[in-house]
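Using the sequences and the accompanying hints, generate a full structural model.
Top line first, the protein sequences correspond to chains H and R. So that you can map any letter, position 16 of the first sequence is 16 in my numbering, and since no number is skipped, the others follow by simple counting. Each number in my numbering comes from the position in the second sequence (counting from 1) with 45 added on.
These are computed hints drawn from the structure, not numbers from a lab. Since the model is a prediction, treat every value here as computed from it, not as a measurement. Any given hint might turn out to be false.
Unchecked claim - Just some of the chain R residues that point at chain H, by a computed CB distance under 7 Å:
1. A110
2. R112
3. I113
4. A159
5. A166
6. L170
7. P174
8. L276
9. I290
10. L293
As the list claims (entries may be wrong) - Estimated spans, in silico, between C-beta atoms of each pair:
11. R:R73 x H:F15: 31 to 37 Å
12. R:A296 x H:P5: 52 to 58 Å
13. R:P256 x H:T2: 25 to 31 Å
14. H:P5 x R:A255: 22 to 28 Å
We treat Cβ as the ideally placed atom computed from N, Cα and C, and that holds for glycine.
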Amino acid sequence: MTHLPYIIGSYGLTFIVVGWLAVDTWLRSRRARITLAKIDPRGMR
Amino acid sequence: MTDVSTAPTTVARGRNLHRFANPGRFLRISGVILPYLAAMAIIVTLTGMIWGLFFSPSDWQQHDAVRIMYVHVPAAWLASSGYASLALCSLFSLVWRHPLADLAAVEIGPVGAAFTALCLATGSLWGKPMWGAWWVWDARMTSVLVLFFLYLGHIALVRAFDDQQRGYRAGAILALVGVVNLPIIKYSVDWWNTLHQPASITLTGAPTMAPSMLWPLLLGGIGGMLGFGALVTARLRAAVMERRIRALTLAQVRREAE
Numbered sequence: 001m002t003h004l005p006y007i008i009g010s011y012g013l014t015f016i017v018v019g020w021l022a023v024d025t026w027l028r029s030r031r032a033r034i035t036l037a038k039i040d041p042r043g044m045r
Numbered sequence: 046m047t048d049v050s051t052a053p054t055t056v057a058r059g060r061n062l063h064r065f066a067n068p069g070r071f072l073r074i075s076g077v078i079l080p081y082l083a084a085m086a087i088i089v090t091l092t093g094m095i096w097g098l099f100f101s102p103s104d105w106q107q108h109d110a111v112r113i114m115y116v117h118v119p120a121a122w123l124a125s126s127g128y129a130s131l132a133l134c135s136l137f138s139l140v141w142r143h144p145l146a147d148l149a150a151v152e153i154g155p156v157g158a159a160f161t162a163l164c165l166a167t168g169s170l171w172g173k174p175m176w177g178a179w180w181v182w183d184a185r186m187t188s189v190l191v192l193f194f195l196y197l198g199h200i201a202l203v204r205a206f207d208d209q210q211r212g213y214r215a216g217a218i219l220a221l222v223g224v225v226n227l228p229i230i231k232y233s234v235d236w237w238n239t240l241h242q243p244a245s246i247t248l249t250g251a252p253t254m255a256p257s258m259l260w261p262l263l264l265g266g267i268g269g270m271l272g273f274g275a276l277v278t279a280r281l282r283a284a285v286m287e288r289r290i291r292a293l294t295l296a297q298v299r300r301e302a303e
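Dropping the structure here:
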């Protein structure tokens with residue numbers, strides 16, 4: 001199967017890009033939630 | 046003469062649009078929806094990808110390289126529909142001054158750019174074994190590259206001004222002007238002789254693809270849309286909280302200065 005490296009590359013790249021977006025978004029949300037809870041506990045409501 | 050009978054409808058529409066502009070209400074509603082949206086996105090996307098990668102048949106001509114389609118085509122759909130949603134938010138921002146539309150446009154930009162880059166990269170990885178070239182200046186590929194630059198332009202422009210509102214306004218205008226590229230992307234394979242194959246799925250005709258390939262592709266597309274929605278919603282929630290943090294910090298600094 002000579003096309004295997006291209007297939008692995010495509011799926012690997014997809015997981016890296018989507019994973020990076022998800023982790024970055026989660027970290028940013030978490031940071032914002034913790035900071036807001038410290039400043040204004042009512043902020044999440 | 047203005048049609049008076051339409052006035053209440055317009056007012057009601059405006060009120061409905063602004064119902065979800067309240068940041069507190071948005072955080073409450075999105076907080077409930079987001080976990081379900083993310084879970085559905087993961088389940089549907091993984092089902093489509095696993096089906097496409099291991100259980101769908103290989104193509105008689107492209108052999109197993111056709112499996113790249115199950116990540117490339119959903120990424121292409123997300124790149125275009127993401128830009129359409131960016132333009133829609135820009136329209137809401139310019140016409141109705143919807144307060145969350147600006148923030149949504151800012152958050153759609155990087156996600157859309159990432160999926161457009163993914164579409165170009167996976168297309169390149171598919172092109173090399175099929176065409177013998179990583180890249181050709183084909184109408185479809187070039188118009189998608191222009192889309193990627195439009196996303197980058199929007200990301201840069203909204204952050205280029207000291208006055209945030211001016212940045213949002215400039216970004217919204219760029220986004221609306223860039224919409225002209227979407228039909229070019231869609232019809233480039235029909236208008237010009239391209240190396241890129243024409244669409245296998247259209248809104249008007251039956252798909253020219255076997256159901257055993259069509260279903261995993263559709264699942265990948267639906268899962269991708271749900272994932273895109275989940276990512277943008279989560280980023281928008283973070284942006285709303287960050288804006289509140291900035292406002293509260295600024296108010297505190299002002300109080301201490303007085």
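Evaluation of the provided hints:
For R:A110, the suggested interface contact is upheld, since its CB lies about 4 Å from the closest CB of chain H, less than 7 Å. Of the supplied interface hints, the one on R:R112 holds, with its beta-carbon coming within about 5 Å of a beta-carbon of chain H, less than 7 Å. Checking R:I113 against chain H: minimum C-beta separation of about 5 Å stays under 7 Å; hint holds. For the restraint placing R:A159 at the interface with chain H, the shortest Cβ-Cβ distance is roughly 5 Å, inside the 7 Å limit, so the hint holds.
For R:A166, the interface hint holds, since its Cβ comes within 7 Å of a Cβ in chain H; the closest pair sits about 6 Å apart. Look at R:L170: its Cβ gets to within about 5 Å of chain H, closer than 7 Å, so that hint holds up. Nearest Cβ of chain H to the Cβ of R:P174: about 5 Å, under the 7 Å cut. The hint holds. For the restraint placing R:L276 at the interface with chain H, the shortest Cβ-Cβ distance is roughly 6 Å, inside the 7 Å limit, so the hint holds.
The restraint placing R:I290 at the interface with chain H holds, with a minimum CB-CB distance near 5 Å, inside the 7 Å limit. Look at R:L293: its Cβ gets to within about 5 Å of chain H, closer than 7 Å, so that hint holds up. R:R73 and H:F15 have their C-beta atoms about 32 Å apart, which keeps the hinted 31 to 37 Å range intact. For the pair R:A296 and H:P5, the supplied restraint of 52 to 58 Å holds, since their beta-carbon distance comes to about 56 Å.
For R:P256 and H:T2, the Cβ-Cβ distance of about 28 Å falls inside the hinted range of 25 to 31 Å, so the restraint holds. H:P5 and R:A255 have their C-beta atoms about 26 Å apart, which keeps the hinted 22 to 28 Å range intact.
Comparing the model with each numbered hint stated earlier shows that all of them hold.
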